[in-house]
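Engineer: Listed below are the residues making up each chain.
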Amino acid sequence: MSKSKNNALIEVQDLKVHFPVSVGNIFKKKIGYIKAVDGVSFFIKQGETLGLVGESGSGKTTTGNAVLQLESPTGGKIFFEGEDITAIAPKEIRKLRRRMQMIFQDPFSSLDPRMKVTDIIGEPIIVHHMAKNRAEYRDQTGELLKVVGLDPSMGSRYPHEFSGGQRQRIGVARALAVRPSFIVCDEPVSALDVSIQAQIINLLEDLQGKFNLTYLFIAHDLSVVRHISDRIAVMYLGELVEIASRLELYHNPLHPYTRALLSAVPIPNPTVEARREHIILKGEASSSLHPSQGCRFHPRCESAVKDCSTLKPEMKEVSPGHFVACNLS
Amino acid sequence: MPPLLEVKNLQTYFFGDQGTVKAVDGVYFNVWEGETLGLVGESGCGKSVSALSILRLIPNPPGEIVGGEIFFEGRDLLKMSEEEIRNVRGNRIAMIFQEPMTSLNPVLTIGRQIAEPMEVHRNERLEDALEKAKELLGKVQIAAADSRVRDYPHQFSGGMRQRAMIAMGLSCNPRLIIADEPTTALDVTVQAQLLELLKKLTRDFHMALIIITHNLGVVARYADRVNVMYAGKIVEKGSAHDIYEDPRHPYTIGLMASVPQLDQDEKKKLVPIQGQPPNLANVPDGCAFHPRCDYAVDRCRKETPQLVSVGATHECACWFDVKK
Numbered sequence: 001m002s003k004s005k006n007n008a009l010i011e012v013q014d015l016k017v018h019f020p021v022s023v024g025n026i027f028k029k030k031i032g033y034i035k036a037v038d039g040v041s042f043f044i045k046q047g048e049t050l051g052l053v054g055e056s057g058s059g060k061t062t063t064g065n066a067v068l069q070l071e072s073p074t075g076g077k078i079f080f081e082g083e084d085i086t087a088i089a090p091k092e093i094r095k096l097r098r099r100m101q102m103i104f105q106d107p108f109s110s111l112d113p114r115m116k117v118t119d120i121i122g123e124p125i126i127v128h129h130m131a132k133n134r135a136e137y138r139d140q141t142g143e144l145l146k147v148v149g150l151d152p153s154m155g156s157r158y159p160h161e162f163s164g165g166q167r168q169r170i171g172v173a174r175a176l177a178v179r180p181s182f183i184v185c186d187e188p189v190s191a192l193d194v195s196i197q198a199q200i201i202n203l204l205e206d207l208q209g210k211f212n213l214t215y216l217f218i219a220h221d222l223s224v225v226r227h228i229s230d231r232i233a234v235m236y237l238g239e240l241v242e243i244a245s246r247l248e249l250y251h252n253p254l255h256p257y258t259r260a261l262l263s264a265v266p267i268p269n270p271t272v273e274a275r276r277e278h279i280i281l282k283g284e285a286s287s288s289l290h291p292s293q294g295c296r297f298h299p300r301c302e303s304a305v306k307d308c309s310t311l312k313p314e315m316k317e318v319s320p321g322h323f324v325a326c327n328l329s
Numbered sequence: 001m002p003p004l005l006e007v008k009n010l011q012t013y014f015f016g017d018q019g020t021v022k023a024v025d026g027v028y029f030n031v032w033e034g035e036t037l038g039l040v041g042e043s044g045c046g047k048s049v050s051a052l053s054i055l056r057l058i059p060n061p062p063g064e065i066v067g068g069e070i071f072f073e074g075r076d077l078l079k080m081s082e083e084e085i086r087n088v089r090g091n092r093i094a095m096i097f098q099e100p101m102t103s104l105n106p107v108l109t110i111g112r113q114i115a116e117p118m119e120v121h122r123n124e125r126l127e128d129a130l131e132k133a134k135e136l137l138g139k140v141q142i143a144a145a146d147s148r149v150r151d152y153p154h155q156f157s158g159g160m161r162q163r164a165m166i167a168m169g170l171s172c173n174p175r176l177i178i179a180d181e182p183t184t185a186l187d188v189t190v191q192a193q194l195l196e197l198l199k200k201l202t203r204d205f206h207m208a209l210i211i212i213t214h215n216l217g218v219v220a221r222y223a224d225r226v227n228v229m230y231a232g233k234i235v236e237k238g239s240a241h242d243i244y245e246d247p248r249h250p251y252t253i254g255l256m257a258s259v260p261q262l263d264q265d266e267k268k269k270l271v272p273i274q275g276q277p278p279n280l281a282n283v284p285d286g287c288a289f290h291p292r293c294d295y296a297v298d299r300c301r302k303e304t305p306q307l308v309s310v311g312a313t314h315e316c317a318c319w320f321d322v323k324k
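First to last, the protein sequences are chains P and R. The numbers in the numbering used here rise by one with no breaks, and the one at position 299 of the first sequence is 299. The numbers in the numbering used here rise by one with no breaks, and the one at position 188 of the second sequence is 188.
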């Protein structure tokens, strides 16, 4: 069995998640596979935030789910604290979930409307037998509400009595209940109003310092990802195209897709905007059912050469910590 | 030259069981020929209702335009007969909606839907209108427009549907296009394509454009002038440079400080606006922003500030001079 290197908390090696696509109601003839994640490798160090950006359908959520074993990988390995968790028994997975948690995108549908807030955030405590008695359970849930900036007395209310931002705080409290070391944040702020987003981003940053958390932060909004992440990984149609530190990625993007993505994100400053180069990509991403041969980005790439349609680019480390998968670099 | 569109003291209320929601409460703004106006604010601030009011598309009941005037090409849209306003919709003023999935008819071909406004407003024969629909699809950069014109919406991707919506909007050569969150449901690279296209087309045809969005970046990139809305009122308006480089209203200042900027290298902490936007059925007295405002004084709780000039092209509705 291969072992994890560079003492990362999480390491993903050549992860593949394919979903079969079938037609017909009775015979379910398989017509192919959606390669939602197709050979993704990265690591996340203890206490670090890795941002994962990409457009809809690029496979970022599936990657997050696979890391948490919510989706069984078709191929590849996932290491948690150096231990291979892809081959682990179903019984062990439950124990593992005490260490890794998730914060979901939609604070409206991810909370059970019939449960009181205390019960929502307390459920993981019961499942994992983390409280000895009622009093301890009450203390823990009350403390969790305080940690995320809610009043412990709010625990007796139902989710519909809360605003979007407050609900997301409940979602954060639920994830923290089992005192995990690793949290996958899947678009945690994209359903919130702009003035509320900052509250949740700040909360996530504060909690990270307080509990020494490690985040995989998945979002499509590059400004948010760049704000919160130490390093950023860019995904396109199931593959990683570039990984670099937040500074390096912005100042020295090497993959043409990263460059286009950066340029497509408007900066709220008209003077800066007027000076910026606006790269407008051609077309839209093809489907991951029939991805292009060679480099998956080549049909939309400005700099594509002949080789790009046949030659699949390998991920290369071009400078320390800066990885890019492009035939031209 | 008078403005192309002049909205005066617009009031649109919704009468519900829980009380009256003053979605738009005394809004004034102008749109000049050929310019792009950005209308920004958070969800529920009344920006979409303002736009729908212009075309009198407010569902009644429960909604009603209870006051104000909207002058377009010299005539008050609110005083027009049903037939006259129908003649304006899609003809002189076109609207592009947020959801290209739900605003196209799934059982009609794309071509047929683009042709419809031309049949209705220009009395064109269907064949001629379909021919023009092809041209328009080409103009919005849809490849193989000749065959695509016979496709149904489900055969189009999200970005292409929104292009088709733009083609439909352009079909009668309107003077004003209102784009209500035109790219919110789309990916950023597609968003950039579409906004660039919209900007280019409105410039080529010398149309005015109102972009309604919650994204401060989109407005900074595309708008000439900006109106910031909060709780049914415009709290600050000015040129894009005024608003971004010299914001005066505490809400505008708060918004700017609360969004992460892509070009920020050092990890600065975001400064969120405390609390949340008010329920419009129960707007606080005085300035609606006062419960969330760091500068609020006694007067803010009692009296509602009006827009006053704070620069050549810049107006702000606040009792407090933030500059001091």
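One or more hints might be untrue.
Now the stretches of chain R that chain P is said to cover, found in silico as 3 or more residues with beta-carbon under 8 Å [unchecked claim]:
(1) 80-93
(2) 184-197
(3) 203-217
(4) 263-272
Derived pair list, reagent style DSSO-like, types lysine-lysine, alpha-carbon separation capped at 30 Å [to be verified]:
(5) 210(P) to 269(R)
(6) 210(P) to 323(R)
(7) 267(R) to 323(R)
(8) 146(P) to 267(R)
With the Cβ distance kept under 10 Å, some of the chain P side facing chain R (calculated, not the full set) [to be verified]:
(9) 154
(10) 220
(11) 224
(12) 246
(13) 262
(14) 268
(15) 272
(16) 281
Keep in mind the hints are simulated off the structure, nothing from the lab. For each residue, glycine too, the CB sits at the ideal point set by N, CA and C.
Engineer: If a hint holds in the structure, say so; if it does not, say that too.
Structural biologist: Here is how each hint holds up against the structure:
1. Counting residues of the region 80-93 of chain R whose beta carbon lies closer than 8 Å to any beta carbon of chain P gives 0, which falls below the threshold of three, so the coverage claim is violated.
2. Under a criterion of three residues with beta carbons nearer than 8 Å to beta carbons of chain P, the stated coverage of the region 184-197 of chain R is upheld, 8 such residues being counted.
3. Taking a C-beta to C-beta cut-off of 8 Å, the region 203-217 of chain R contributes 4 residues in contact with chain P, enough for the three needed, and the coverage statement holds.
4. Against chain P, the region 263-272 of chain R contributes 8 residues with a C-beta closer than 8 Å to a partner C-beta. That satisfies the three-residue criterion, and the hint holds.
5. With a C-alpha separation of about 16 Å, the suggested pairing of residue 210(P) with residue 269(R) holds against the 30 Å cut-off.
6. Of the supplied pair hints, the one linking residue 210(P) and residue 323(R) is violated, its CA atoms being roughly 37 Å apart against a limit of 30 Å.
7. As the CA atoms of residue 267(R) and residue 323(R) are separated by approximately 26 Å, the hinted pair is consistent with the 30 Å bound.
8. Taking the CA atoms of residue 146(P) and residue 267(R), the gap is about 26 Å. The hint holds against a cut of 30 Å.
9. At about 15 Å, the closest approach between the beta carbon of residue 154(P) and any beta carbon in chain R exceeds 10 Å, and the interface hint on this residue is violated.
10. Interface hint at residue 220(P): satisfied, since its Cβ lies 7 Å from the closest Cβ of chain R, which is below the 10 Å cut-off.
11. The closest approach between the C-beta of residue 224(P) and any C-beta of chain R is roughly 5 Å, which is under the 10 Å cut-off, so the hint is satisfied.
12. Interface restraint check for residue 246(P): the shortest CB-CB distance to chain R comes to about 8 Å, inside 10 Å, so the restraint holds.
13. For residue 262(P), the interface hint holds, the least distance from its beta-carbon to any beta-carbon of chain R being 7 Å, beneath 10 Å.
14. Restraint check, residue 268(P) versus chain R: the minimum CB separation of about 4 Å is within 10 Å; hint holds.
15. This hint holds: residue 272(P) has a C-beta 6 Å from the nearest C-beta of chain R, less than the 10 Å allowed.
16. For residue 281(P), the suggested interface contact is upheld, since its CB lies about 5 Å from the closest CB of chain R, less than 10 Å.
When held up to the earlier numbered hints, the structure conflicts with 1, 6, 9 and fits the remainder.
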